[in-house]
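A.B. asks: Let the hints inform the model, and build the full structure from the sequences given.
Residue numbers (our numbering), protein chains in the order written: chain A, 3 to 225; chain B, -1 to 283.
Keep in mind that a hint or two might mislead.
Unchecked claim - When the alpha-carbon atoms are kept at most 30 Å apart in a straight line, the in silico DSSO-like pairs for lysine-lysine are as follows:
hint : chain 1 : residue 1 : chain 2 : residue 2
1    : A       : Lys13     : A       : Lys171
2    : A       : Lys13     : B       : Lys271
3    : A       : Lys91     : B       : Lys174
4    : A       : Lys154    : B       : Lys271
Rather than coming from a laboratory, the hints here were simulated on the basis of the structure.
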Amino acid sequence: MSRHISGEYDKELDSLQSTFTMLGGLAEQQLDKAMRAFLTNDSNLAAEVRATELQINRHAVELDRNATFVIARRQPAAADLRLVVGLLKNSTDIERVGDEAERIAKLSDQVSPYDSSRSYHSDLTEMHAKSSVALRNSLDVYARLDVENALKTIAADREIDELYDTVVKLAIDEMSKNHSTLTDDLSIIWVARSLERISDHAKNICENVVYLVHGQTIIHNVQ
Amino acid sequence: MNQNDQESRDLRRVNLDTTLVESSETLDPNELPDEEICLNVSSLSLHYGEALALKDISMKIPRQRVTALIGPSGCGKSTLIRCFNRMNDLIDGVRIHGRIELDGTEIHDRNVDVAQLRRQVGMVFQRPNPFPKSVYENVAYGLRLTENLPKSELDDRVEWALKSAALWEEMEGRLKESALGLSGGQQQRLVIARAVAVKPSVLLLDEPASALDPLSTLKIEELIAQLKSDYTIVIVTHNMQQAARVSDYTSFLYLGELIEFDSTANIFLNPSKQQTEDYITGRYG
Ligand SMILES: Nc1ncnc2c1ncn2[C@@H]1O[C@H](COP(=O)(O)OP(=O)(O)O)[C@@H](O)[C@H]1O
Ligand SMILES: [Mg+2]
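C.D. replies: As structure tokens, this is what we get:
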């Protein structure tokens, strides 16, 4: 889109966007590190995730404040307004992705070393891979305002939901068979729950992008 | 205005996936569902001498709603609003083509009494222009010309008009004072009271708040919100936020053309024309 008459306004919007891009990058790293910490029982990495989480929250608060100030100062309209509102919504989603990553990192400190011979291993790994892709895609979709890819990513969320159901079922089976690993199997359900939520946030971001581009809201949980 | 921008806009609109809902369909200015039409403008063109100032404008202005006319300076907002009570008749060299119906009656018809039309369609300008008379006489002025009311009824009507203009509380004890001693905001509300006193059906406001301070502006906007339950209001404003705040419908004019007419929500959230978007987002070069 062409530039505003006010160059300052353009700069303000650009700066909001770049803060968001940085936040998105951090959230991706967090998910990656948290899963590694969980799968390898690495407590140093888990501690790193917790430290970065504070940073993400601080940036998210700053972004909200700046975006709100742009609204007060510029009274954006039409596509500009949708951009700022979309940014506010997206920053909430990204911040929650960070929360979920932190949750996974915390679990890694509470359980015994992860056992990759368990029945849910391959589905959990696939879930991790797919939710990372969803998160990455959602950030791409936002950076490029790519509606086509947004709709694809929204549709792919169903697969992650199905994987989640499978992992939960397998973990429950494990629990009923072997009571000695109850805590560990339960933690798998929590991890899967977090991955499922992360991909929901990715989906929200994609929906926001559709709104941003078309000025129309897509129905949530469309079948 | 970039032709490609508009084309890609149109494409984006057409290619919407079926999962999209809450479509904010653009209003056809000739179809206003659920609205009674007060002013019906069709194919209106206006020349000042050789200069074409309004080009083939068609729009319907709904009754008891606020319709805002926005657009860059010189695009024809004042010219258009002046058409609605034939104020342009007073300007030499003006030629008008097309139709304007007020409640179904063509206002250019030979048997239309122009003085009567201007009472029915009152007008308020940018600069408050009270007469150098008392507050009371300012409001009573039009009534004295048209209605021969006994003193007590005249008093009542002045009080009513001042109340309508949210001015009674401030003016009750100052009716005999000169209107020229009032603040700008009070003067503007007094002028609105004067227009309202003769019980018009339409109020035309040409940048009514642009000479006022922010608080007086808010009072005028509040007044507009109250008046719309009784009057059809057309407001010209160069303040887009004001249009967004006070109006139900918005028309965007550019170089004498009506570019887009739609509900104010659609215009400010998702206009369908690139030119409108560029203007309201401050991208006009
Ligand atoms: N009395 C007039 N005589 C000749 N040209 C006029 C007159 N009034 C306005 N115009 C011209 O008509 C165009 C529209 O003016 P106007 O309706 O005042 O625009 P706006 O109110 O949108 O600023 C401008 O080009 C202006 O110069
Ligand atoms: Mg004007």
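A.B. asks: Of all the hints given earlier, name the ones this structure violates by number, lowest first.
C.D. replies: As far as the earlier hints go, 1, 3 are violated by this structure, in ascending order.
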